[in-house]
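Trainee: For reference, the chains in residue letters:
Protein chains: 2
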Amino acid sequence: MRMNQLLGMRFKETPAECQIASHIFMVRGGFIKNVGSGIFSLYMPAKRITQKIEAIIRQEMDRIGGQEVLFPVVMPAVLWKESGRYESVGSELVRFKDRNDVDMVLGMTHEEAVVHLARDAARSYINYPFMVYQIQTKFRDEPRARGGLIRVREFTMKDAYSFHTSQKDLEGYYERCYQAYERIFARTGVPEVISVQSDSGMMGGKVAHEFMLLTDVGEDTLVVCGACDYRSNMEVAECVTAKTEAGDRELTLVATPRQKTIEEVCGFLQVAPDRLCKAVIYRKNTDNGAVIVFIRGDLDVNETKLRNFLGEEIHPAESEADSAIAFGYVGPIQLNAKATVLFDTSLMGAKNLVCGANQDGFHYTGFSIERDLDGPVRHHDFAKAYNGGVCPKCGKPDITLKRGIEVGNIFQLGTNYTRAMDMQYTDQDGASQYPIMGCYGIGVGRLMASVCEVRHDAYGPIWPMSIAPWQVHICALRSDNGEVRTVAEELYDALLSAGVEVLYDDRPVSAGVMFSDADLLGVPLRIVASPKTIGRGVVEITKRDKTFSGDVGMRDAAETVISLVKEMLDEYR
Amino acid sequence: MRMNQLLGMRFKETPAECQIASHIFMVRGGFIKNVGSGIFSLYMPAKRITQKIEAIIRQEMDRIGGQEVLFPVVMPAVLWKESGRYESVGSELVRFKDRNDVDMVLGMTHEEAVVHLARDAARSYINYPFMVYQIQTKFRDEPRARGGLIRVREFTMKDAYSFHTSQKDLEGYYERCYQAYERIFARTGVPEVISVQSDSGMMGGKVAHEFMLLTDVGEDTLVVCGACDYRSNMEVAECVTAKTEAGDRELTLVATPRQKTIEEVCGFLQVAPDRLCKAVIYRKNTDNGAVIVFIRGDLDVNETKLRNFLGEEIHPAESEADSAIAFGYVGPIQLNAKATVLFDTSLMGAKNLVCGANQDGFHYTGFSIERDLDGPVRHHDFAKAYNGGVCPKCGKPDITLKRGIEVGNIFQLGTNYTRAMDMQYTDQDGASQYPIMGCYGIGVGRLMASVCEVRHDAYGPIWPMSIAPWQVHICALRSDNGEVRTVAEELYDALLSAGVEVLYDDRPVSAGVMFSDADLLGVPLRIVASPKTIGRGVVEITKRDKTFSGDVGMRDAAETVISLVKEMLDEYR
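Protein chains in written order, with this note's numbering: chain A, 1 to 573; chain B, 1 to 573.
No wet-lab data here; the hints were simulated from the structure. The model shown is predicted, which means the values in this text are computed figures rather than measured ones. Be aware that a few hints might be false.
If several chains are the same, the list does not tell them apart, and a pair holds so long as it fits within one copy or across any two.
[To be verified] Quick list of in silico lysine to any residue cross-link-like pairs, SDA-like style, CA-CA up to 20 Å:
#, residue 1, residue 2
1, Lys47, Gly65
2, Lys260, Asp360
3, Lys97, Arg140
4, Lys97, Ala145
5, Lys81, Gly36
6, Lys402, Ala317
7, Lys338, Val500
8, Lys81, Tyr128
9, Lys384, Thr244
10, Lys12, Ala121
11, Lys12, Asp120
12, Lys384, Lys396
13, Lys546, Gln59
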């Protein structure tokens, strides 16, 4: 490809809307163009990167027996009504009516489509197991698209679906897919991707893992143990709290006028936050019913765990003047408000706490949960894990929180979809059974941006050879010089003939412009030919990651570059 | 690939909804599954065929300097408002509102998106010419989806867009693209595709060609001259009528009670249809204004030509009781109805005609158009071409009408979009100019179905080697026989190692089932190993198109097949 024909602008200024490195460089380097909120067009360099990522994903999916298929982007809503998701999924699912007034949806994931494709075709146990996948455009109407290709509304995704006749078979396949994912991330140049336990969200199902690339700009919070291999998404991480020892004291009503927040009460009563029994109040989205969670004062409620426990959507309650709930003074003793009342495990057996007295301006001190409440109290895990917390796996207080970008996920779905959509097969004994499903996703564009996020310097992306838009970038400085032109073009032709992917820049621009454009394109190997290098009988070869730079004799250049490309490709096999 | 793992059903019965061969075989062979009106999922064999077609298209687009990009499926309507198509395109354009109440559309073609992508990036003449293309999912809400993949609502399309600084440059590139299209159709196995002049429809622009595969099930009518190379889509074909000689007669009012249709009037007055001056009445979609076209009685109005002449949408008028128009008796003499009145060229200089007298139950005879109408009459070409008509190019009466499937199209768009969306560049003299565009489409799924439509026998598709889902199909009959198994599996492994694409069937089914499934899959080369062939020390090799069948020694089989595959691939290079 000749640089002077390549469509796209490269420039120095950071656009106002770009906050993170991958977004900045992919806009500044002429990789992507914003079309609307969370919607992008890809220029040729980005298209080439995603094609290489897709080819790697295809190879690894085929290697574990996947069959590539294609589902529709637009689907009749009737399929989503069968699964129940037409009602259960929120406004991220685009719904519209076609010209015949038929309800349609835009596919954001394809469990319904795959069950539709497979349910007539896999009616006997001998058809199992099987896995189908597609690489296709999806649309999810995200409320907050941001970060360039990291969180978009339209995206290209590889989604795979496996079908099994036993949980054991699913688990075995799930493990093979897990390993395929590790190979995919290693081959696309981000071997540091880790897997964490995760919430299965709207997918349903129980066991799920996310593949996370650790970076401060990640949207997800991860809970990682420094002492063992425990890793979990914050959303589902168990919070284990070391018990604070305290003896019983007498339950005493104390006046705490205008002391409502944890800070105010702690300051006023001179106690540490972990001596408080805090009330956190939510409302159910369905019927606005109150949910009160009592939790140790130094901890926060993990709303995903609460939501999963309740099995329904909730939102934080605002202080309400006209309410039976004494906001700021809610406590578990004689709580007469009509509400679902829950206790976090951090309060299990706790003694000598401060809690609200359910009347404006008063708290209790000396509250001992088991002594002072009627009947047995049941505790559940609702707290957010925190830095320095106790690892639920090894028990050491070595938990740290990190940020990560989710680049892939795998779910054990069970029979949720096959039951809802009545997909059955006949087993060896002639009985009807529902197949057990797994599903496996990777966002292609997000993976490209994530690689850029962790593989760049101050000047632009440093694409791994396995997914680089081109393998070699020839910079012919002063190509009006006949010798430079001859050397550069011969090299260009020789490399192309050898099957090397070359971007060739012979524009009449300054060395500064040519090199900063090359930095922004991030091609892993650069060859510079200039009157100076030709004068010395050499061209200059540089790696984009700055680990190598040196002169090579003009005659040997093609051969050297060909073997360098091969060597660098081999790193990702 | 092992047949026992391949998802998809193959069966004998023709499904009720399938009318044409490609639809029948692609459903019966487990290639596609209907998800909704005009919406299909593709099973693995169809996905593999489309991938090969896409690879051929990519190669040919790259060869003429194309840059592959990717546009969004979902676009903000604001882009389509800029071009004016948000209003001008009918309900085939899907419009919806996103969660923030922003108007969105589903891309059915991407002129707006490409101008958006290019307008900042190509501001100087030195950036020109360039061509970008994508291969992507589109949705067009067709009123009548039918024929399997021939006319769908969701489809994968290669759409390319070129930008030029002069009409001459566009024309040169248009010719290169035309040749690339000829190579694409030859390489995908349908070299008989012809090109015809066509209407540019909602694309705008003047010169356009469609690439047509002739088949009786085609939706388009083509006008082809048997004496020269004139070929046109009916929609734009000029209709040349031989003049029928007749002398002047006296204009006479005659009673024709209850004689309204052409047949009735001809029968009643004992004249041939070509002696009638017929009135065909339309209404404008915008303001319901009447449009009356006078045309020779044996001819029909070509509504596309009429629409293009008027520059607006029209629909046939229904007989209206309460109207100034005397339906059935409309004629050009003293026509007082408020209407746009048009004359077809077939009436130019015509004499001694029968025409309506604009009063119920009366016609005129002896009508001579130039003598009997006030002022000069202007004629235009509104008639449909017909079998046996006169060729507008060579003048011989050798026109025949044929049916064809449109598998591709190319348009010279001009500056319609660049003007509407204000894309400008600076020319060599520093002046601002609008670039001139061309656009070039191929429907991938339709091309696959079209190949099946013209390459099949009574038992299934006969895929060309270049796009076949697999190159070789091994049928191991009685694979419970150890020798059969050994020979078949060794052959399978040897072919896979040589890079041959093999489908391997060792299911415990009868020869009848195995062969009819193989016929339905349409793989071009078949190898049969059975106890009988092994007894003779051979395997049987057959071409799916029945042009070859013979025994090959077991030891030579792999080598023979490898060279046959190569030979058959070479036919499409």
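Trainee: Hint by hint, say whether it matches the structure.
Mentor: Checked hints:
no.	hint	result
1	Lys47 to Gly65	between (27 Å within a copy, 16 Å between copies)
2	Lys260 to Asp360	within (9 Å within a copy, 92 Å between copies)
3	Lys97 to Arg140	both (17 Å within a copy, 13 Å between copies)
4	Lys97 to Ala145	between (25 Å within a copy, 16 Å between copies)
5	Lys81 to Gly36	between (30 Å within a copy, 14 Å between copies)
6	Lys402 to Ala317	neither (29 Å within a copy, 70 Å between copies)
7	Lys338 to Val500	neither (71 Å within a copy, 71 Å between copies)
8	Lys81 to Tyr128	neither (26 Å within a copy, 50 Å between copies)
9	Lys384 to Thr244	within (18 Å within a copy, 93 Å between copies)
10	Lys12 to Ala121	between (55 Å within a copy, 15 Å between copies)
11	Lys12 to Asp120	between (56 Å within a copy, 15 Å between copies)
12	Lys384 to Lys396	within (17 Å within a copy, 86 Å between copies)
13	Lys546 to Gln59	neither (31 Å within a copy, 34 Å between copies)
The structure fails to meet hints 6, 7, 8 and 13 from the earlier list, while all remaining hints are met.
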